[in-house]
Amino acid sequence: MSDHDHRDHNEPESGPALRVKAIESLLVEKGLVDPAALDAIVDHYENKVGPRIGARVVARAWIDPRFRRRLLADAVAAIAELGIPSGPEGEHLMVVENTPEVHNLIVCTLCSCYPWPVLGLPPTWYKSFAYRSRAVSDPRGVLREFGVELDPGVEIRVWDSSAELRYMVLPLRPAGTEKLSEGALAELVTRDAMIGTAVVKYPPDKAARAAERD
Amino acid sequence: MNGIHDMGGMHGFGPIPREANEPVFHAGWERRMFAIALATFARRIFNVDEFRRAIEQIPPADYLRSSYYERWMRAFIALLQEKNIASAEEIESASRQALGGGAAGPLSAPRTTAATPPAAIGAARPRAHRRVPARFKPGDRVIARNLNSEHHTRLPRYARGRRGVIRRDWGVFILPDSHAHGGAIDLCHCYSVEFDSRELWGDEHPAGESVLLDLWEPYLESAAAKRGAASASGKRRTTKPAVGRRRLAKP
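Protein chains in written order, with our numbering: chain A, 1 to 214; chain B, 1001 to 1251.
Derived from the structure by calculation, the hints contain no laboratory data. Computed from a predicted structure; not experimentally measured. Watch out, some of these pointers could steer you wrong.
What the hints assert, rightly or not - BS3-like mimics (lysine-lysine), calculated; alpha carbons at most 30 Å apart, straight line: (1) A:K127 / B:K1083; (2) A:K30 / B:K1083; (3) A:K179 / A:K201; (4) A:K206 / A:K127; (5) A:K206 / A:K179; (6) B:K1137 / B:K1226.
What the hints assert, rightly or not - Here are a few chain A residues that face chain B, going by a calculated C-beta distance under 7 Å: (7) A17; (8) R19; (9) E145; (10) V148; (11) E149; (12) R157; (13) W159; (14) S162.
In this text, a Cβ means the ideal position worked out from N, Cα and C, and glycines have one as well.
With the sequences and hints as input, model every part of the structure.
Right, here's the structure in full:
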C-alpha cells in the first residue's frame, strides 16, 4: 500500500474541489468565514512562513552560544528576540540539539503536528503513512533512505509530537564553517536538517538544498 | 480509539514518498480547505481535538485512500453536520450550485471581523495557568496505561503497557480525550516521557535508540506503585490521576 497524496489534484472540478467550493460558499453565506480572511491565511502560509525562518534561528544559535542556551531553554522567548512571532502550532516550541553523541528526529505518528511558525507547513512526506509508521520503529532505516548514515555509536532520540509541544532540531554545525557569516550559515541549513532527516553539509549539498522549495 | 491513524510501528507502507521542489499546496481547493479550517477554529465552532477525532472516525479504508486534505474535508463536513452548522442537504445543494458554476461568493455580507492577522489565526491552546497537583516529577519511572478507549486519545498503541521515564513536566494542558467529545475541559499535567526503543520494539531492536512522547497524566501510572500492588496481593491499586475540571463556556 502506498500514499495517494497527489491524486487528482489538477482536475479543476474534481470531487474535492467542488465540495470545498460548496463548503466555502455555505460558510460565507452564513457569515462564518470571510473570503478575504481566507486569502490572507493562504498568503501567510504559502508566502510568509517557511524553513528559511528556522534556518535563521539555527545560524544565530551556531554563532551565539548564549542565544543557543536561551533557545534550548525557552524556544518561544528566544525566537521572539529575533522578531519571529509565535503562532498556531508553535505556542509551545521545543528545540532539541544534535550533538556528536545524539541525533534527534521529529515525527507525528498520529497526525501531522509540525512547528509552523519556524518551518511553515510540513512537506507531504512528513505526513505520509510510510514516515509516520516507521520513524519511531526504524529511525536508522528512515535516515538511510534520506541518505544519512549515522555512526552506530550515535544515540537516536525520536520525538513523537503527541501533545501540544512542537519540535525543531538544532543540527550540528559542519566543520570548516568558522569563517562564514550568519547569513551564509543560514543558507546551508535545510528543512530536512531541522526535522532530523538530514545533516547540514559544508560545502553545501546543492542538490538537497535545491530540492526543497522555501 | 484504536484507529488506522495510529500508525507508529506499522509495516507495509513502503518507501517514504518524496517530491522535489514541493509546493506548499498542490491544488487550489487544498489552499481553501486549509484556510477554511483555520478560520473556523478561530470562531470556536469546534476545537482541534474534535477535528482530529473527526479525521480518526473516517472509516479505515477511506482514510487510507484519501489524500491529506481530503481527510480534512471529510472531517470538516462531518463536523458541520454534527454541530448543526449545515445539513447534508445544504452541502449537497451547494455542491450542485458550485458544479453549475454558481456563485461561491457571498449571498449576504459576511459578518466576520477580519481584524485578526492571519499569523494569529489557528487552534491556539494556551498552557493553562491553573494549579493542578503533579503526580510525577522528572526521573520518575512510569508505565503507559493499557487503555483501549473507543474515544479519541493521544496515547499511541505502541506505547501502551510500556515502561518509560518522566523527563520533563510541561505544565497543565487540556486533556484531549474529553475535549474531543463535546469540549469538556479537563486540565492535567502533560509530561515528556522517554521510552527505550527495546522496551517498545523488543530485545532484537538495536540498542541506543529511544522515543519521547508527550503524555497526559491520566495515561500514566507509577511503575513503583504498580510493582508494589502486584507483589502485595495481586490486587490492582488504582490511584486516581489529578484532574482539575471546569466546563467550557459557551462560545
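Going down the list of hints, with the structure as the test:
A distance of roughly 28 Å separates the Cα atoms of A:K127 and B:K1083; the hinted pair therefore holds under the 30 Å criterion. Restraint check for A:K30 and B:K1083: the C-alpha separation of about 14 Å stays at or below 30 Å, so the hint holds. Our distance criterion of 30 Å between C-alpha atoms is met by A:K179 and A:K201, whose separation comes to about 15 Å. Our distance criterion of 30 Å between C-alpha atoms is met by A:K206 and A:K127, whose separation comes to about 25 Å.
A C-alpha spacing of about 20 Å is found between A:K206 and A:K179, which places the hinted pair at or below 30 Å, so the restraint holds. Proximity of B:K1137 to B:K1226 is assessed by CA-CA distance (about 17 Å); at most 30 Å being required, the pair is judged to hold. Taking 7 Å as the C-beta cut-off, the interface hint given for A:A17 holds, the closest approach to chain B being about 4 Å. Hint on A:R19 holds. Least Cβ distance to chain B is approximately 6 Å, under the 7 Å limit.
Given hint, A:E145 at the interface with chain B, holds; its Cβ is 6 Å from that chain's nearest Cβ, closer than 7 Å. With its C-beta approaching chain B no nearer than about 13 Å, A:V148 sits outside the 7 Å limit, and its interface hint is violated. For A:E149, the suggested interface contact is broken, since its CB lies about 14 Å from the closest CB of chain B, more than 7 Å. Because the closest C-beta pair between A:R157 and chain B is about 6 Å apart, less than 7 Å, the hint holds.
Taken as an interface hint, A:W159 checks out: its beta carbon lies about 5 Å from the nearest beta carbon of chain B, inside 7 Å. With its C-beta approaching chain B no nearer than about 5 Å, A:S162 sits inside the 7 Å limit, and its interface hint holds.
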